[in-house]
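Those protein sequence lines, which keep their order, are chains X and E.
Residue numbers for the first sequence follow my numbering, beginning at 219 and rising by one.
Residue numbers for the second sequence follow my numbering, beginning at 31 and rising by one.
Calculated directly from the structure, the hints in this document are not laboratory data.
Glycine included, each C-beta is placed from N, C-alpha and C at the ideal position.
Incorrect hints may have been included.
As the list claims (entries may be wrong) - Just the calculated beta-carbon pair ranges, DEER-fashion: (1) E:D380 with X:V303: 31 to 37 Å; (2) X:Y362 with E:S339: 31 to 37 Å; (3) X:P342 with E:E341: 57 to 63 Å.
Stated by the list, open to error - The list that follows gives simulated cross-link-like pairs (lysine-lysine, DSS-like), each with its CA atoms no further than 25 Å apart: (4) E:K258 with X:K335; (5) E:K293 with E:K149; (6) E:K117 with E:K293; (7) E:K258 with E:K177; (8) X:K335 with E:K270; (9) E:K57 with E:K270.
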Amino acid sequence: MTMFEAILLTVATAATPLLIAALGELVVERSGVLNLGVEGMMIMGAVCGFAAAQQTGSAWIGMFAGILAGAASSLLFGFLTLTLVTNQVATGLALTLLGLGASAMIGETFVGLPGVKMESLYIPFLTDLPYVGKFLFGQDPIFYISILLTIGVTWFLFKTRAGLTLRAVGDNHTSAHALGVPVVRIRYLAVLFGGACAGLAGAQLSLVYVPQWVENMTAGRGWIALALVVFASWRPWRIFAGAYLFGAVSIGQLHAQALGIGIPSQFMSSLPYLATIIVLVLISRNKRLTLMNTPTSLGKPFVPDR
Amino acid sequence: MKKLMMALTMAASFALAGSAHAADKLKVGFIYIGPPGDFGWTYQHDQGRKQLEKELGDKVETTFLENVPEGADAERAIERLARSGNKLIFTTSFGYMDATVKVAQKFPNVKFEHATGYKTADNVAVYNSRFYEGRYVQGVIAAKLSKTGVAGYIGSFPIPEVVEGINSFMLGAQSVNPNFKIKVIWANSWFDPAKEADAAKALVDQGVDIITQHTDSTAPMQVASERKIKAFGQASDMIKFGPETQLTSIVDNWGPYYVERAKAVLDGTWKSHNVFEGMHEGLVVMAPYTNMPDDVKKLAEETQAKITSGELKPFTGPIKKQDGSEWLKAGETADDKTILSMNFYVAGVDDKLPQ
Numbered sequence: 219m220t221m222f223e224a225i226l227l228t229v230a231t232a233a234t235p236l237l238i239a240a241l242g243e244l245v246v247e248r249s250g251v252l253n254l255g256v257e258g259m260m261i262m263g264a265v266c267g268f269a270a271a272q273q274t275g276s277a278w279i280g281m282f283a284g285i286l287a288g289a290a291s292s293l294l295f296g297f298l299t300l301t302l303v304t305n306q307v308a309t310g311l312a313l314t315l316l317g318l319g320a321s322a323m324i325g326e327t328f329v330g331l332p333g334v335k336m337e338s339l340y341i342p343f344l345t346d347l348p349y350v351g352k353f354l355f356g357q358d359p360i361f362y363i364s365i366l367l368t369i370g371v372t373w374f375l376f377k378t379r380a381g382l383t384l385r386a387v388g389d390n391h392t393s394a395h396a397l398g399v400p401v402v403r404i405r406y407l408a409v410l411f412g413g414a415c416a417g418l419a420g421a422q423l424s425l426v427y428v429p430q431w432v433e434n435m436t437a438g439r440g441w442i443a444l445a446l447v448v449f450a451s452w453r454p455w456r457i458f459a460g461a462y463l464f465g466a467v468s469i470g471q472l473h474a475q476a477l478g479i480g481i482p483s484q485f486m487s488s489l490p491y492l493a494t495i496i497v498l499v500l501i502s503r504n505k506r507l508t509l510m511n512t513p514t515s516l517g518k519p520f521v522p523d524r
Numbered sequence: 031m032k033k034l035m036m037a038l039t040m041a042a043s044f045a046l047a048g049s050a051h052a053a054d055k056l057k058v059g060f061i062y063i064g065p066p067g068d069f070g071w072t073y074q075h076d077q078g079r080k081q082l083e084k085e086l087g088d089k090v091e092t093t094f095l096e097n098v099p100e101g102a103d104a105e106r107a108i109e110r111l112a113r114s115g116n117k118l119i120f121t122t123s124f125g126y127m128d129a130t131v132k133v134a135q136k137f138p139n140v141k142f143e144h145a146t147g148y149k150t151a152d153n154v155a156v157y158n159s160r161f162y163e164g165r166y167v168q169g170v171i172a173a174k175l176s177k178t179g180v181a182g183y184i185g186s187f188p189i190p191e192v193v194e195g196i197n198s199f200m201l202g203a204q205s206v207n208p209n210f211k212i213k214v215i216w217a218n219s220w221f222d223p224a225k226e227a228d229a230a231k232a233l234v235d236q237g238v239d240i241i242t243q244h245t246d247s248t249a250p251m252q253v254a255s256e257r258k259i260k261a262f263g264q265a266s267d268m269i270k271f272g273p274e275t276q277l278t279s280i281v282d283n284w285g286p287y288y289v290e291r292a293k294a295v296l297d298g299t300w301k302s303h304n305v306f307e308g309m310h311e312g313l314v315v316m317a318p319y320t321n322m323p324d325d326v327k328k329l330a331e332e333t334q335a336k337i338t339s340g341e342l343k344p345f346t347g348p349i350k351k352q353d354g355s356e357w358l359k360a361g362e363t364a365d366d367k368t369i370l371s372m373n374f375y376v377a378g379v380d381d382k383l384p385q
């Protein structure tokens, strides 16, 4: 394996959880709901994914357990904010706190146990291709899911009637409601999708990235995913670009350090954040387009009048 | 509903500090930088706390706050422990230093113990461990075993505690192979398993065949094991994460110190001090030497014995600084003050120290 290949692979592993969690949150926010609980749902996915894989010995079961755990956490959020109409910001923050605490409790017996690593794909000949073989044909299944998700979410949001309806709900829930669109039901589905994605992103962390369980192992990646959604002005391919840029710069700075080029490490560590923000702000500098893509009803409570 | 939410959030924040109360027990509080389940730094402090509870039984009652960030938040957390009746508070990370001193001024009757710092006061003691003694042994092993002659070093923050370790590792390695090299990556975090894993991967990709870490998670050990190279554990015995990978690990053994200091408060003999203890006092323990040939193991054990007896001090001249200037003359040993404020590399380290 050449250095180039190795770097490409680590970048993909670093970018995948951000991409998946951000895509999920994108759909949630496009439907007009702001769920700040990504970090909490992600860590629930990580712990449940690890636990299920550890118990059954199957990384696939772990992955589905992670997805379910994320979706279940988001259901709690949905019930509170959509049915009981609580404040979305406060509820989302509470969900993060709850997730961090609950995952530590669930995971207590799993600390220090070796995990199950999800096997990477291997296709004879194709995987052995020089330079891109490993990147295109030799990665873990969650990587391929993340790519399919990017394509799928783009297609769903912009090419299907259901996607149009979802965006309409996010732009103006009152009008959508007046047209007979089931606003709350659509938002529930969006929130569930977001939770499932966050759970999957968490499972990627504990099954692929670092196959072990340690408390707090998401270490703020949920928040980065949240920020990506906003800086990418709610567009799936920009999220893809942002996640990979972030991954590339974070891995690149580690290599630069190991080479000893002598730039202060504090600056290098902040570089992924700086670079991602600058690039995404630059590509979103067209105000009219950005406004067009911002879900106008984002974070506003909706109570259907009969 | 809003009320229920509030109750939920409040319950969540209280749940973080598990405690009950009793009148005449000595309440001892701990502030942790990571979760007790990190299997590294915080895990070992928590083992110390458990030993304290076990040995002193009914006489003490312990509380801990985990995942407390260094900085302004730390001050609030320490103050909360002081207000809730803790009479002895251990703050277990370098970055809590100023916060500890500040809170200590407000609570003259509470005793504070800050780990790995250097600021003391009448009610603030400092305790530190000579981890670097273990690093020296690691350096010896690394230089014996490495085929590429390059080791990878994952650092957290460029503070004296970590710089000491890098220098000592280097000196140990140079005692075997004068041309030994190390590549340093700063993670700028004490605990971020994914980032530590990335750093380890980057180091392996750049050709190191032994990894040592001064960050707190077991992720680098796991990467080393996947890539079939060797690694040293950190803070606790990490053999479970690399049964065929771990060479040894520096195990921080805080228990005896915690018991001694709690007893001192109970007896009324507690005094502020600044202690710096290592292998000799049993604060630094090495995990079993594994995955190495017998001759290397023997050399490691001999080195450890010499350091324990005081015959060998890692920072003994002649040592040059990185820039080539003389630091210690032949036979001269560094004093604790210099060691505790070390902010330079010794000759041979390839990294540029972030200032």
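Do the hints match the structure? See the list:
About 59 Å separates the C-beta atoms of D380 of chain E and V303 of chain X, a value inconsistent with the hinted range of 31 to 37 Å. The hint said 31 to 37 Å for the Cβ distance between Y362 of chain X and S339 of chain E, and at roughly 58 Å that hint is violated. For P342 of chain X and E341 of chain E, the Cβ-Cβ distance of about 59 Å falls inside the hinted range of 57 to 63 Å, so the restraint holds. With a C-alpha separation of about 15 Å, the suggested pairing of K258 of chain E with K335 of chain X holds against the 25 Å cut-off.
Annotation: proposed proximity of K293 of chain E to K149 of chain E holds, straight-line Cα distance about 23 Å (limit 25 Å). For the suggested pair K117 of chain E and K293 of chain E, the alpha carbons sit about 12 Å apart, so the restraint of at most 25 Å is met. As the CA atoms of K258 of chain E and K177 of chain E are separated by approximately 13 Å, the hinted pair is consistent with the 25 Å bound. This hinted pair checks out: K335 of chain X and K270 of chain E have alpha carbons roughly 15 Å apart, not beyond 25 Å.
Between the alpha carbons of K57 of chain E and K270 of chain E the distance comes to roughly 34 Å, so the proposed pair goes past 25 Å and is violated.
The structure shown violates the earlier hints numbered 1, 2, 9.
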